[in-house]
Amino acid sequence: MFMAEKELGYRRVQCTGRGSYIISLPKDWVKDIELKRGSEINFSVQSDSSLILIPRKLKERRGEAEGSKLKEYFINVDPKDEKESTFRMIRALYAIGADIIRIHFKSEQDAAKLKTETMDFARNTFLGSEVIDETTDEITLQILIRHSEFPIEKAVRRMAIVALSANKDAIDASRNRSTTLFESVVKAHNDANRLGLYIIRQLKYGIERNLFRELGFNTPKDFLLYRIAVNEVQSIGENALNIINNMRAFQKMIDEGTLFIRDPIDEEIHGQLIHFNSIAHQLFEDAIKAMFKREYKDAEKLISRRESLVSLENELIMLLSTKKLDPNVASVLRLIFDSSRRIMDYSRNMAELTLNRTVEENCSTLTLK
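One point on numbering: in the working numbering, the residue at position 142 of the sequence shown is 173, and numbering is uninterrupted.
Read the hints as simulated data drawn from the structure, not as lab findings. C-beta atoms are modelled at their ideal positions from N, C-alpha and C, and glycine is treated no differently. Any given hint might turn out to be false.
Stated by the list, open to error - Below, in silico cross-link-like pairs of lysine-lysine (DSSO-like), each with a Cα-Cα straight-line distance of 30 Å or less:
(1) Lys137 to Lys111
(2) Lys235 to Lys114
(3) Lys185 to Lys324
Stated by the list, open to error - Between beta-carbon pairs, the in silico distance windows are:
(4) Gln282 to Leu175: 33 to 43 Å
(5) Thr289 to Val390: 54 to 64 Å
(6) Asp63 to Asp151: 46 to 56 Å
(7) Glu239 to Trp60: 38 to 48 Å
(8) Asn107 to Glu214: 34 to 44 Å
(9) Phe323 to Lys355: 39 to 49 Å
Generate the whole structure from the sequences, applying the supplied hints.
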């Protein structure tokens, strides 16, 4: 039933003998939506402290309608188009909350190869995507995962673990240049990106429906906080991949005999870099914990800890500059140093997000003495 929006005036709050507060409902409204004695009404507190009242049957009906209506999109792929352009479009549709993506290939001659590449892309890029239909010139992707199955906070925690793991493996690979470690970093980088894209998708879903409480947030401002957090974590994985790509090129030149290393990696520098990186990892892990626990004081202490590490940072710079290193080895060590330093800066950024997130509730509880 459709009802035009109208003003129903003010109603006085009354107090019963038992100390409960009650307010009468407009008679015309009760009749229009066919409420009866014993009918249930859902109360939803908004960010501005206002209330929305929705009868249970209307809420359930709305939920059924939203749940049954899938967002479906169609892409027409021309073989002349760059496949990366198609992949970017599919990625964007996933991020905005598409449930079904139908991808049609104009040329049946090129469809087989393009379908395989597209399915590989979806498998490696999206969390919860499955090919539910396939013909000679078309494939249909459906996104099956839902927030309730993998909450945002849990996804961010997992993403941080994966990104830090990629960083650690990249540093370990600097010593033995293991192919296994190279592949491990690439896989972890891809996994972190998949998680990041999933989180962005869920944030978009929550913003559209004002579901901040259902997603475990205290206020709608948390949507922005988690979006920024995803960027910071994603950057850790990108930096790890950058180290590995440089080492791969480095190793390729050695294998082809176009590059000869005069000396192995300096043990003192390598040891100092590992120590510096472990401090960076601990700082970031503590920043994540402070964010999830909403600990203002812990975040504030973490910013001070980051500032205190500047002297250690300068000592490492001096050590790198005083050693007579092979230029190619020095470039890899510099990348490792920069990656660790950036993780410390990301930690400070996360701590500042926590301050911004919790400063109001901390200040509102202060009393003048």
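For each hint, the structure was consulted:
Among the hinted pairs, Lys137 with Lys111 is consistent with the structure: their alpha-carbon atoms are about 10 Å apart, no more than 30 Å. Restraint check for Lys235 and Lys114: satisfied, since their Cα atoms lie roughly 26 Å apart, inside the 30 Å limit. Pair hint Lys185 plus Lys324 holds up; C-alpha atoms about 13 Å apart against a cutoff of 30 Å. As the Cβ distance of Gln282 to Leu175 is approximately 40 Å, the hint placing it in 33 to 43 Å holds.
Between Thr289 and Val390 the CB atoms are about 56 Å apart, so this pair conforms to the stated range of 54 to 64 Å. One distance hint, 46 to 56 Å for the beta-carbon pair Asp63 and Asp151, holds here, with the actual separation near 54 Å. As the Cβ distance of Glu239 to Trp60 is approximately 27 Å, the hint placing it in 38 to 48 Å is violated. Separation of Asn107 from Glu214 is about 35 Å and conforms to the stated range, judged on CB atoms against 34 to 44 Å.
At about 46 Å, the beta-carbon gap between Phe323 and Lys355 stays in the expected band of 39 to 49 Å.
Hint 7 from the earlier list is the only one contradicted by this structure; the remaining hints agree with it.
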